[in-house]
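Starting from the structure of chain H, add chain L where the hints point.
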Amino acid sequence: MSLASELFKDRRVVLYVAAVALAIIFIGFFGLKFGLDLEGGSYLQLQLQGAVAQVDVSPEEILKVQFNATAVEKHADSYVVTVAGQVPATLPDDLGYSGAKMVERENTTKVTIVASPETVITNYLKKSLDADVKIVGVAPVQYEIRTNVTRDSLNLLLAPVGGRVPQGQDAFVEGVTPDTVDETKKVLDSKLNRLGLQDIKVRIVDNKFILIDLAGMDVATAQDVVGKPGKFEIRIQTEDNQSVHVLYGDAVESVDIPQGDRNGGWGVPFVLSEEGAKIFQKAAIDAGATKNPDAHPISMYLDKDEIFSAPLAAELAGSLEKAPVRNMEARVGAGDAGSQKAKELYIHLREGALPVNVLVVGSGQVSAALGKQFKIQMVIAGIIALLAVAFMIFYRYREPRIVLPMVTTSFSEVVMMLGIWALAGWRLDLASLAGIITVIGTGVDQLVIITDELMRGGETASSTAERSIKERAAAAAEKAGAKVAPASSKVYLNRLSRAFTIILGAAATTAVAMLPLLYMGFGALTGFALIIILGVILGVAIARPAYGRIIGYILAES
Amino acid sequence: MELEDIVSKYPPRQIMLIPIAIIAIALISLGVTYLGTGSPVHLGIEFTGGTLVTVPATESEDAVAAEFAGYPLSDIRNVGSRYMLQFGPMSDADYAQLAKQINSKYDNAEIRYMGPIYSQELQAQAIKYLPISFLLMAIVVFLVFREPIVSLLVVISALADILTAAASMNLTGVQLSLGTVAALLMLIGYSVDTDILLSMRVLKRKGTVEEKIIGAMGTGFMMTGTTIAAVFSLIVVSNFLYLIIPSFTRMDVIADMSTVLIFGLAADIFNTWITNAQGLRWYMNRPKKAVRGQRR
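Residue numbers (my numbering), protein chains in the order written: chain H, 281 to 838; chain L, 2 to 297.
Take the hints with a grain of salt, since some may be wrong.
Stated by the list, open to error - One side of the interface only, derived from the structure: several residues of chain H facing chain L at Cβ under 7 angstroms:
| id | residue |
| --- | --- |
| 1 | 356 |
| 2 | 455 |
| 3 | 672 |
| 4 | 721 |
| 5 | 793 |
| 6 | 796 |
| 7 | 808 |
These aren't lab readings, by the way, just hints derived from the structure by calculation. Just so you know, even glycine gets a beta-carbon here, dropped at the ideal spot from N, CA and C.
Excised from the complex, chain H in its bound form (with noise of 0.2 angstroms):
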């Protein structure tokens, strides 16, 4: 029977053929995908900044002093705010309560305020954080602060109404819940991916990082368009170069793709909501700009940045002066210029803000030339490897029937690893491949292992100590060939129990010793480790045995 057909018998050497086979076939099917540091890009790395704390303040003390009153009286689900005389109209709009009732009597005035506790605590953290603040937690009741808060400057915030966080590790958390980095991450997706970048790769690391990658964008770019999300604010000229307030972004209700009008220009068509139109319509004719729009053009802002500013156009301004717009464009100019302008306009329009602040921790980018050359450098150096391994191979067994089977078993297992990564779309980075060149080192000598087992098995040091490794490891192919090897196929069994026993604890050792490497520096040697770890366990598992039968039979048969 020839060597191919009593090989095939054998399901290990099955395994491990169709193991190689559906790895080619997935290679070729999916093809392999590069990391962004091979492929060109750039990347961030963002810091959620934000904490849930628990607090301890009273409500009426809030209100007492943001409405300096008198006198604070708690009803069923209202609260009455005594003022000694007048209150401006827009307080209580100004402190997050609006749809309050004011009533003027002689020198005193009465604000009854539709609000539970939770919502004026709320209330008073965004205002003086300027930031949002959800509540996550009842029974304590929690709150998420989602911007750079310690326990200390909590405090301290706290401190005029008489409030603190109470003792205790439980009471001040860092970092965000879960769901806001999820609703953090949708929002980049979902921003990234309308701004038709390819390729995006948005992470989450340790529930308080994200990790953006950009394919194809210089990083400064990138941290423009990302790394600067923040709020977004209407606002109007009035006298001279003042400007008011007059809407935040949650009153546009929603945004059109930019359109390109007959003559090349360029706009973003938004809608906003009924009461924003109101606000809008009111605003614009108290500032006089229905009147001359030049003199008062409205302006839009991101984190206090001036993303667009234009005075109203004549018709929208005749428009305005009898009854609220809802529907508005923001036209941007003309051209490719005006085409990239609408386009990032439209982003932010879109997306005002990320729900939580974020801090760029770390950036960079690659260029795709630079990345192309170190693919290079990498495939070179895997070659390098994969002959000078094979020559020690050769220096050491001095035997081609050993020697091609070792090799081509390591550039299997190499096969194997590209097919997996292949099939799970993941992305071969740097380090990843420096990881398949070291797993080229370290299975080989576990092949070694096996095959040194089952050569000189039975025999002991003593006959062989006083010569040198060389010249033993000479004699030993010559034993190879000369049919000396496996015996009987009992002690060959033997052998390769113990010799696996071997691999197993060393192939073990190195995986451990690899799984920290997954979770470290956010992600960067992530690819690194599994491949590590994949490779032993391929190796362990498939490779190994059927190279075990393979050179056991080898052996034999010569």
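Frame of chain H, contents of chain L only:
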């Protein structure tokens, strides 16, 4: 072969003085660096924070340095066809400005910014994960052998490898980076391979300890040899290829990683066949005496 004589002829206790001396030297090197800098190895830019830029070398170093004089430029080096510039901490606005300036001037710039939070987090991770990795390895070793002394010898040899590799970083000026941390973790797992082979052969085979050690040596040398061959090719490609092929660039991460690995592997040869092997000789030849001693 001389090493074989050392391994089998001299009494273990005398030979053990060599590894003990080497470990002591390594510890002193790490200790001195610790006293000087506050950490046992020199921290690279990833752990200290800053900005790393490489740009194509189209003009003189001085001209490039002058170009970025307005920024906290701390180092400039020629790495093949490119210059590597290292900047100290700067404000977000400055960084954004720097990035824009670099991209408008150079076509294929590489930029990496590591903020203070990033580097602090990384330091915390390294301090947390290196011991975890070592502990996991030790647990696996104990599970494999279920013999306290044999396992302990393996773990001690691995520890000696890591210490030597770390000390060699101070010697060669390799800084601790993500790549070198990966290399150290890799060594933790890898360095015990030959120790496991050695201990298994000594425990499971028949014959005298010395014979078995020398028998295992052939296989062990080959194992380390193939790995050194693979790592050496990484060193050549990342470190020296750009000197021959001008269009290539030095790959810092790979260069640092492979330097640490090669020192670790060299230390591994020593620690497996001296430290661990002598420990086994001492342990395997001792039990009968020890038992008798206890009975008295």
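Hint check:
1. 356: Violated, because the Cβ-Cβ distance from residue 356(H) to chain L comes to roughly 47 angstroms (cut-off 7 angstroms).
2. 455: violated (13 angstroms)
3. 672: holds (5 angstroms)
4. 721: Status holds, d = 3 angstroms.
5. 793: Interface hint status for residue 793(H): holds (3 angstroms vs cutoff 7 angstroms).
6. 796: Since chain L brings a Cβ to about 4 angstroms from residue 796(H), closer than 7 angstroms, the hint holds.
7. 808: Hint holds; residue 808(H) Cβ to chain L Cβ min 6 angstroms, cut 7 angstroms.
In terms of the numbered hints stated before, the structure departs from hints 1 and 2, listed from lowest to highest.
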